[in-house]
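> For the protein sequence lines, the chains are A and B, in the order given. In terms of our numbering, the numbers along the first sequence are unbroken and rise by one, the last being 563. In terms of our numbering, the numbers along the second sequence are unbroken and rise by one, the last being 563.
Please note that the accuracy of each hint is not assured.
Said to hold, decoys possible - Here are some chain A residues pointing at chain B (derived, C-beta under 10 Å):
1. Q168
2. N232
3. D519
I should point out that these hints are in silico values taken from the structure, not numbers from a laboratory. The C-beta atom is built at its ideal place from N, Cα and C for all residues, glycine as well.
2 protein chains.
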Amino acid sequence: MSSSESQDPAASSEAQISKKAAKKEAAKQEKLRRRQEIAAASAATANLSVDEADPLGGNYGDVPLVELQSKTPVDVGEWTRVEALVAALENRTVLIRGRAQAIRPVGKKMAFVVIRENGFTVQCLVQAQPDTVSTQMVKFAAALSRESIVDVEGIVSIPAAPIKGATQQVEIQVRKLYCVSRAVPTLPINLEDAARSEVEIEKALQAGEQLVRVNQDTRLNFRVLDVRTPANQGIFRIQSHVGSAFRQFLLSENFVEIHTPKLIAGSSEGGASVFRLDYKGQPACLAQSPQLHKQMSICGDFGRVFEIGPVFRAEDSYTHRHLCEFTGLDVEMEIKKHYFEVMDIVDRLFVAMFDSLNQNCKKDLEAVGCQYPFEPLKYLRQTLRLTYEEGIQMLKVCLKICKLINLQVVDKKGDRMMDVGIEIEPFGDLNTEAERKLGQLVLEKYGTEFYILHRYPLAVRPFYTMPCYDNPAYSNSFDVFIRGEEIISGAQRVHVPEFLEQRAAACGIDVKTISAYIDSFRYGAPPHGGFGVGLERVVMLFCGLNNIRKTSLFPRDPLRIAP
Amino acid sequence: MSSSESQDPAASSEAQISKKAAKKEAAKQEKLRRRQEIAAASAATANLSVDEADPLGGNYGDVPLVELQSKTPVDVGEWTRVEALVAALENRTVLIRGRAQAIRPVGKKMAFVVIRENGFTVQCLVQAQPDTVSTQMVKFAAALSRESIVDVEGIVSIPAAPIKGATQQVEIQVRKLYCVSRAVPTLPINLEDAARSEVEIEKALQAGEQLVRVNQDTRLNFRVLDVRTPANQGIFRIQSHVGSAFRQFLLSENFVEIHTPKLIAGSSEGGASVFRLDYKGQPACLAQSPQLHKQMSICGDFGRVFEIGPVFRAEDSYTHRHLCEFTGLDVEMEIKKHYFEVMDIVDRLFVAMFDSLNQNCKKDLEAVGCQYPFEPLKYLRQTLRLTYEEGIQMLKVCLKICKLINLQVVDKKGDRMMDVGIEIEPFGDLNTEAERKLGQLVLEKYGTEFYILHRYPLAVRPFYTMPCYDNPAYSNSFDVFIRGEEIISGAQRVHVPEFLEQRAAACGIDVKTISAYIDSFRYGAPPHGGFGVGLERVVMLFCGLNNIRKTSLFPRDPLRIAP
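Kindly produce the complete structure, drawing on both the sequences and the hints.
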């Protein structure tokens, strides 16, 4: 858990102290373990090379670089995937490549090596035998550093007892063992530690055992190791699937995929949160979203467009849900008359996406849930729509009841809203706590964790948002929530250039800096609307994760621009 | 044709003078036309509003904004798509929305309006009739500005003679006509002009008629108008399809889609062509490609990854094929032994993509070919592979023969290579002319315009390229060509950290700035390789276009950062 993650405020200070002590102790133990590892590794270095006197020396050793430099074209079929190692292959000789995830020597004549490939693992036994496996080869296996990449040739056997430490229920009797790429003997993160759930750590603690907890900064500093855990492999496969489901749905609905520039003149959509740079002597900035250009594409007659690409926000936000660079899923479309036409797309798109994730990413969702337990997302076949006013009303009633029942319960769960201060302003925006509370109320009343809140106050929306026809204090806009957190913002846009200019000016934007955008509406502009989604947020909230850094491959926040 | 596009050097100076004169004349005529338009428009302004005395005034007019502000939810089915207007709908009343592409009044009692939607057009007749269409309504129709968006309600009829000026072979007898969004009366680009082919212009010129030629800068300045032409609509739908075919193939081959940061510390892959900026007080730059992070993802156990996203090059290139920002299609994958494993993916991926484009984008390819004629790409079922040495050999033989046959033919086409100076250095790179010539030779000998050239000299490849096992002057790398121009660069990478450090230093790169990248290989790194493709180049060369600005929606070059 990162220090930047929110702590449970209900935890007593006593518990916190013991947690601190536990952390300290764990760190100490970790240091000790590493020191021992280094010692073991340097002792092992002597065993790295093949014993020249060993007549069976050809069966093991490091693969020389020249062999990996495209010396001989390969029949990839030579290798069997770890995933494919099943009982039906009994007695067959197979060749596999993977990482040495765990190495356990048993005396001098035997060593177990667990090989991992793409999340699947198999136990391999290197046992000294005349004519095939020398004791030097066992020594070589025992000296392998964890996470090294190896080629193993051996015979598939079926063990008497089920194998606990590997996904595959066969064992490989190793005949040949070659190291393709050696990992350093002491890894900055132990994968076993990185893959451990909070539940396991707490359980062990209650049993008096101190297990290492890898904090988030360490994870991110050594991200290439961190992402090898089953949960992280799952997260990024789920992310890939979200993008794919998003595209597939929109392409089937006649949307065109576009790519708009990230380098733009002027100051994007205004505000302070923009990265500025010099573009061949001209002042420029990084697009805060494809907003202006996707609307211009609608003026360019593409009818319905979408884009998947990076968006840049130079905000000083240190929360669990903000990044300085994230992947935006953006949609813009002509409408005939009403912003509900856009909400209809949101509705069908997301229900299709959630269905697809639940159907096609079972294994990945399980892997995530194993380390970070979560309940499957509750969503309706037709997405619930509430107006902002209805939402405010629900919050007001709830606040009133809470106050009536018991004014003293401010410290207990369920009434935290009162002490963290939900402020309800009818024409302001909802703060994070109010959004979360509303999410709870909606779940209780309607049984869904996915819903649309629309008809927001105009004052809290961007200048290009179309006001409501009947009350200009409200707007034809919406936000969409998952588990009480916002993931989508959308709206009908102002398509009348004179009105757009007026709105921009009213919002304090220098109209000259966006003249190309405003001019786009002078050549005939269809009524239109659209929305933007944060990819990392969708994955985070679908999986009930607590920090957006977990769903960004190489996250960027105000303090982090590496690796 | 843009001034930045290459002129045909074979053109005589006389022809150039007459071309210049023609251009001048065309510009004059264009000015005149615009002045007339402005006059017509201001005369027409008086007709914009509905005549209050007209008892049939309810059948036409401007749609008031309030009606477009989501006042009433809509049944989108009310509207019929222009594409769907066929003879079977005879005598039915339909409602359509589209742009008034052409308006032609005939006397005071009749006006033709051609409505365009998504590239399909239909002729509408507004004819004065008692009880339905007033002469004031005809006047209103005649005063519409081109490219305005209108709603037309009318009855489908089948005209006696085929309709030439529209794609649909029915006519709409207009009953109601409302303007949804008015275009300014004088457009900076006339769509008819923008859609014209060079062939048409030349033909007209020979018949003594001066037609307007819209130059590329004007097109790009008013891109939202320019992209409305059939050819441009086709280009960007083809582009969308390329991305979709790319993804679909890779996902089916177990690749994972990733998103790597564009904001990075240090100086990306080095060199001068990098955009620098301040990142919260730290020096940063925009990624010149996802190279480093996609390789790190391989170290992170994703096995096979791809990314589609912007790449940034601050190069001072003013050629027809360079941009400062373009869309990179990037692939990286583990290999067992040989870079041919990567080339196999390139081969199958692109053959599948070309097949898919030819099958699924017929209409779009035709639209492009109509304005910019081109021959369908010639490619083999299994992609040709030549070594760099074989390529050089072909060029050398050709040069020799040319010289032997006729030294005086330097001015004629086909031997231009000699005067523009193809320089062949066995361990240097091929220049653009040499690449083009080699493309011709390959086409003649092997009948393909798509091929792979591999085993490039190491000296001309990036530091992370794996040298050949048998000769370190060459490398396990390749380029891929379409119609004689490079679209892909790929290679096996160095996966040994010490060797990588050494290669970086040898290439003059400060190893400290890429330490996170190099460290990634210390925790066990599989042999791997990959490639990068420029999306805009693929579309440009598949369609035989002459400038990459044609295939970038809002292009960025050293002189252009708007719109």
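> Now tell me, hint by hint, if it's right for this structure.
Right, here's what the structure says about each hint:
no.	hint	in the structure
1	Q168	17 Å, violated
2	N232	8 Å, holds
3	D519	8 Å, holds
Hint compliance for this structure: hint 1 alone is broken.
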